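Enquirer: Using the hints, position chains B, C, D and E with the ligands against chain A.
Chains as they are written, first to last, in the numbering used here: chain A, 702 to 1026; chain B, 1035 to 1347; chain C, 9 to 512; chain D, -15 to 340; chain E, 2 to 326.
Treat each hint with caution, since some may be false.
[What the hints assert, rightly or not] With a Cα cut of at most 30 angstroms, we get these calculated DSSO-like pairs of lysine-lysine: (1) Lys200(E) to Lys922(A); (2) Lys123(E) to Lys922(A); (3) Lys123(E) to Lys288(D).
Note that these hints are calculated values from the structure, not bench results.
Since the model is a prediction, treat every value here as computed from it, not as a measurement.
Single-letter residue listing:
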Amino acid sequence: MTVYLIRRLMQSAVVVLAMTIILFLGVYAIGDPVEILISPDADQIERERAIAALGLDQPLWLQYLTFLENALRGDLGRSFVFNEPALRLILQKMPATLELALAATLFAVLLGLPLGLWAGLRPEALSSRVIMAGSILGFSLPTFWVGLMLIMVFAVELGWLPSTGRGPTAEFLGLHWSFLTLEGLRHLVLPAINLSLFKISLVIRLTRAGVRETVLMDYVKFARAKGLAPRRVIFVHVLKNIMIPVLTVTALEFGSTIAFSVVTESIFAWPGMGKLIIDSIYVLDRPVIVAYLMIIVLMFILLNFVVDVMYSALDPRVRLQDQRG
Amino acid sequence: MTPPSVESTALGVPPRQAAAAPREETPLRRFVSDFAESRLAVVAFAAFVLIVLAALLAPVIAPQNPYDLAQLDIMDGRLPPGSVGGAGFTYLLGTDDQGRDMLSGILYGLRISLAVGAGSAFIAFCAGTALGLVAAYFGGRTDTVIMRLVDLQLSFPAILVALMILAFLGKGIINVVIAIVVVEWAYYARTVRGTALVERRREYIEAAACLALSHARIVFRHLLPNCLPPLIVVGTMQVARAIALEATLSFLGLGVPVTEPSLGLLIANGYEYLLSGRYWISFYPGIALLVTIVVINLVGDQLRDVLNPRLRR
Amino acid sequence: AEGQTVTIAVGAPITSIDPHYHNLAPNNAMAEHIFERLVQTDERARPMPGLAESWRAIDDTTWEFRLRSGVKFHNGSDFTADDVAFTIARAPNVPNSPSSFGIYTRAVAEVQVVDPLTVRFRTRSVYPLLPTDLAQIAILDRETHQNAATEDFNSGKVAFGTGPYRFIRYVPGDRIELERNDSHWGPRQPWQRVNYRIVVNDAARTAALLAGDVDLIDQVATTDIARLRADPRVSISEIVGLRIIYLHLDRSRSDGTPFVTGPNGEPLGRNPLDDLRVRRALSLSIDRAAIVERVMEGAAIPAGQFLPEGTFGHVPGLEAPKYDPEAARRLLAEAGFPNGLRVTLHGPSDRYVNDARIIQAIGQMWTRIGIRTTVEPLPWTTFIARAGRQEFSLFLVGWGSATGEASSPLRSLVATFDREKGFGASNRGRYSNKQLDALLERALATVDDAAREKLLQDATRIAIEDVGIIPLHIQKNVWAARRGFTHTARADELTRAMDVAPAR
Amino acid sequence: MGGGEEASAPTAGAPVPTHGAGARTPILSLRGVSREFRKPFDLAARLARRLGADIREEVVHAVDRVDLDIFAGEVVGLVGESGCGKSTLGRMVAGILPPTSGTIFWKGRDRASFPPGEAKAAKLAVQMIFQDPYASLNPRLRVGEIIGEAPLVHGLVPAAELEAYVDEQMRRAGLDPAFKRRYPHQFSGGQRQRIGIARALAVGPEFLVCDEAVAALDVSIQAQILNLFMDLRRELGLTYLFISHDLGVVEHLSDRVVIMYLGRVVESAPAEEVFARPNHPYTQALLAEVPRISNRKRAFAGVKGEIPSPLAPPAGCHFHPRCSHAMPICREAAPPLREVAPGHLSACHLNDRPAV
Amino acid sequence: MAATLEVRSLRAHFFTKAGVVKAVDDVSFSIGEGQVLGLVGESVSGKSVTGFSILGLVDPPGRVVGGEILFKGRDLTKLSEEEWRRVRGRDIAMIFQDPMMTLNPVLRIDTQMIETVLAHEKVSEKAARARAREALVQVGIPSPDERLRAYPHQFSGGMRQRVAIAIALLHRPALIIADEPTTALDVTIQGQILYEVQKLCREMGTSLIWITHDLAVVAGLADEICVMYAGRIVEKGPVDQVLDAPLHPYTKGLIGSVPSRNVRGQKLAQIPGMTPSLLSLPPGCAFRARCPRADAACLAEPALTRPRPGREIRCFHPHLVDEVV
Ligand SMILES: Nc1ncnc2c1ncn2[C@@H]1O[C@H](COP(=O)(O)OP(=O)(O)OP(=O)(O)O)[C@@H](O)[C@H]1O
Ligand SMILES: Nc1ncnc2c1ncn2[C@@H]1O[C@H](COP(=O)(O)OP(=O)(O)OP(=O)(O)O)[C@@H](O)[C@H]1O
Ligand SMILES: [Mg+2]
Ligand SMILES: [Mg+2]
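Looking at chain A on its own, in the form it has when it is part of the complex (with noise of 0.2 angstroms):
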């Protein structure tokens, strides 16, 4: 445990100063900030003068370690745009964007887990078919169009949700969330659905894979030779051992969710992270991109710890190690 926490760390600490760099590197090769930011009634000298302000007249490695050291003592910039710390944007928008994933994950999971259990139960049966069918068109859809047509049928046609935005939020542990206000929910559905698309799909084709293979398992056979009613074998034998790769994969998928809120988000308007960071490259706000992108990789990081825990905590046969089978 204590290795596999040194270990981690230690790998940890390598990928964020090399995410640094490259993240760094990335950002400045893109593009100059002041082109963009700048009023185009300025002129040469005003140009030279907000060059200045932003610290972009210093030579780049100085810059780096300039950011290094403030990263250091938890300081990731101020953006350029705003004015503010990146870190405080940041996780001013953290809400929202934790409060799709999350919906969009409970709905995989929810949705997912039921639908391929009977699928795998039931692997010749027409429903199963067309459960497998419609999860391949939910892997397939690209999210963009869906959100489009969510839209277009939803919110515009039918005039049931809304289309856009996030709604009234309420307070709850100091932070936003919308989930507490019917309108707030009714905000949620469209976007979340539209995010769990595809997790939907995965949940239902690894929940099937997962139950296809544990029937044909010795212990399964073994526990119905027990006496065991099929309810308890596929309910406690079967479910236990599939929930794990399921469970794994839908906690690592959070991240990825999350990350994929982008393309969500700036369809929806919904006022997250993913939007903040597609508007940030827009133009050039460098220290937001470089924190949103470090806090992902920290994210990153923490997701695959907690997985690693939570895989040992319900594998017996796991003990921590420094990769998951």
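Expert: For chains B, C, D and E with the ligands alone, coordinates are given in the frame of chain A:
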């Protein structure tokens, strides 16, 4: 000098695994007959072949070269399906804002989408497989370094990596391919390493080592072919993923150039017209994209079932 | 409409509530709700009294402004001449500002507070544009904003101005909430509350309007205008704006420009763009009417100069060139290119309305007269950096004149690049014309409006006849409001709750 | 780490008593051959240890200082329970796995000292037959390729004669050469095992290591393969190291039997001798437990206790926790292998007592 | 003595895509109280399927297509699924071959034992746990309380098999079907298991069907022996008689090919050929192709005959003159 074949009496009886199959059963034939078990998959495969043919033959069958600006006329822009353009040309699926024949645009777009999907999957396949095999076969430090790289790559959301790379390299088909390769090689490496680690412990590899065959020979002639099945499955899925990723990137404005639209870009262009009722500009490319990805996924799905040793009976 | 709340969805993010932090149109539009300027502009961008009731030039370098009395900031502080002095001092010095308002205060050498309601500005040289420039500077309160940081505005701590609306809440990238300032000096606003939402995606904005989630949207996508016009639930308001879309030509090198080659891709050894006949051919072969009709779907007017009719410096009768491919071919042949050319046309893909579509259309048109054109739209981020390094030969850009005055485009776009004078800051093609420079310099030193306008018109004529740039069209600014709301369109593109009224 | 350090183990390189073979050079000898499997410490583990974490390196002494001589033409049976290191020993003999310490002599010369060309010849001279008839053949190659690849690559046969050569090898292993173009999955277990044998024979080995070569086969097929082994031995003068946990098979086939327990050789003697007069308590227990057809309605007893984990083998004599004769000394010192009768070696402290 | 179980003309077929596999074809036998029946045969001869048929656990594509399974006079094949479930584990228990696979890796031993108790009896969980503990003691597992809280992977193979036996014993079933339970174990451990099983059956009067391919194991254990070949029972009789005087050429060959029955160093008596595929079984005697005595008569299906009291065989040319093997 040798004893008479002790099993000669049994030679008339086909071995049990091959019971009802044709005599000369090669892995390929067995694979084909297993694959053909699902009618849906066969239909999907046929559709896939058609799509590929349509894409390959686009310059021959497309009524117009949609990439040649001289052939486009902006005055024919946004015509609904079936309209006749200024030059007396009938646009079966309508035109987009530049007066581009949608049918031709879709055929050419398929070309790009498939080329990007297949090209990037192929390069990623080669790179990832080579690295994964090396990692698995040699183990130790090599393995650690390569796999940490894989972890690093996988711990980072694909879409963001691609966005960064494209923002960095700029638009263009080659750049999209590069971005997708960078995003995807790790999947192959991880898959092949997992399989190779299992296969490497198999006795036939030990037998090859015992026969003093060279490392290169063992890796490429013995190890690699046996690691292929899961790779093929990953490969098909990744082609579909690559196509979708390219479409998404193009949609976000970071994909291929507007003058040579892929399906994703056609959809993105038409997307702005959706609300105004000119559905055809994004609807037909959307359908084409959808069918392509679904078809590839269906084929991949069946491949997964056929190639999964654990579900074999 | 009687709900007393208006919800507006705008297409560009507002990045700060601090009115001096970032000189950006959306920020300025938001600032106009909360803060006010000495001089304000009407919907056609003409100056009109704001916090100053009147102003006049006392001599060549001194201007006196008389302030409105009884004006109070939202937190109760009085508005006085001292606040003006404070504001002029603060505007250029906001820390970290990526684009400051210093350019508008630079001409001011000294601010004299004559009495609480009278203030005098001494300029460094003759400077006729002072009132125009001051129309950009939001007035802050010395007591309140003495040491205020940008964040304090965003959090609402010091977001107090004299404007018709008070600040309630700001969620970066998402929304701003405002409520009516009942003690405002001006006409009473019809809205108790304003929800100012940021919806960047065009389709999402239209969808939100159609779904009834918002009452007014700006930057209506050209693709949706026709549909919205036909929709009885929606009314469109539009006006010819101040933004011109034009092509810039590389004039920075004479031994050949990278993206113009012979018909077979061979280098030419000279820059054909230096040849007026080539430039005119390029311009004549563009069917501006077609672009306006097909690409812009009517949301623009073909342009033959920098500014539309009715602005200061507009040249009457200088029409957009007529589409004449024959003449263009002839000119090209005369210039020594009977077999045409091969060019690459660059442009942004995400900056101006339909930017990528426009360059494709131009590509078609040029190809038709023998100039084989490759079109390469780029993301604005990369595009603008490369354009600034003179990496392109022909490229599309736009220019919005915030002041609505011809000196602005002349000074930035076609005047010879000169750091000291602040000329040609956006002259990315490095066009240079001595005669034009001289006229412009004279105009900028002429206080008399009529004389100045004449000089500006002359300069404009030179730039256009010499094809310093190729103007394409001037955009219309288009808003769409839900039934029950009317909106007065503004040439300066600003979207403000003050322009929305309940329909009778 | 591992068990207590024992002083009395036979030293590597010391001449090992042979069973009446006089001065003949063994075709293969092992001297103090060990194989450990360890998971190396990485930086993190070292750091953790520095920080005082209680972590130990995991070391498996799969094979622990084994001395063994095998003479040309001999069949040596290697017996032991699962995990005792039989396969590991076999792999080292076959040259697939290098020993961590100790020396392997091939015809009296250290195999590690061979120049490249000879090393390859020596490697080809020792071939291995594997347990799993399914896993030991590459499923993607045709039978002809499986058998013919190595001879062709090593230039043992010219390409033109390969076909005929492969046919001959197949015939010798009891396979119809007409099946040359088939794939392994088209054969039954017994036939596959024959393919494996043909593959090994195709490079002209002198020595075969058979690792549980018949364990996966049905009884009736097992007999066929065992007969084939015996035929080949006669025809080709092969030497065998025959690894098995089936005492019946070993008894039938071997001239000499070597018994391993947890990585160590505990007894070694001519076959009749072992079955008639087992010396080591473990051997005795093993023989008592083997079910035999002739034993009807017997009362089973079973050696008490579990097989210890090779990760933490008991100190001293590895067998002492399960041994009914265990003495205090057994817990402390590992007994050395010593001759208890001519050609009969055993490692047990009971033999330390003055001769009975 | 009344038979605990009587199987009559049992047929279980698998309807695979390649054709019908007659895995069990006309199998009859019976077993009395406290008796041990050895079911011997080479792989795929249908031993396991016979065992599963008795418990009603033949999975699709397989099905019991005919015959009766009389358990204490009740025909199990007529039971509903729920009634059959109540028989499993309570009246008839089963032990599987691979001890690594029969226990569910993610459930603790106590869970797996207690659920077995609760599946058939309404007792408190505490009582069930006590029963589980008692069963572990019975099979000779030291410190049972601690072991109950462990997971299967913490056990060695022999221990796991003992746990499986303990589970089988929980309800003191009248019949235990053991499907090659020692094949995967070492000789010394196999001895231990055989010892436990033998003891328990004697003590509790449980009947036992011991499935194996190792004649030597049943020799020491069984009262009666059934030899299966290609889905049929080819020879049946008391263990001594069958092993000492096999009547069927197959049984004879089988016994003959056991190395210890041969002179050391001499060639083993071998049965030529290989086990036939059940898919394309030609009509007539399935052993025909490998049988030294086969002739034209064998092209017909041999019927089950009783050449001697207590003996049954299926052969036209049995070794009726006693030959010493
Ligand atoms: N590659 C390896 N890495 C780590 N440990 C190994 C490796 N190979 C073998 N071992 C360990 O070495 C010990 C001896 O293994 P070996 O395979 O030689 O036993 P065996 O006697 O052949 O057993 P079996 O009868 O099961 O084949 C075992 O504990 C095994 O876990
Ligand atoms: N799920 C299944 N699908 C198809 N055929 C099956 C299935 N299960 C068993 N069979 C067939 O039933 C026949 C008998 O198998 P069974 O498992 O009873 O043999 P066995 O005598 O127990 O062999 P072993 O000693 O290998 O366990 C085999 O031919 C097998 O192919
Ligand atoms: Mg082994
Ligand atoms: Mg079986």
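Enquirer: Indicate, hint by hint, whether the structure satisfies it.
Expert: Structure-based check of all given hints:
1. Lys200(E) to Lys922(A): holds (26 angstroms)
2. Lys123(E) to Lys922(A): Distance ~23 angstroms between Lys123(E) and Lys922(A) Cα, so the pair holds.
3. Lys123(E) to Lys288(D): Violated, because 37 angstroms separates the two Cα atoms, which is more than 30 angstroms.
The structure shown violates just one earlier hint, number 3.
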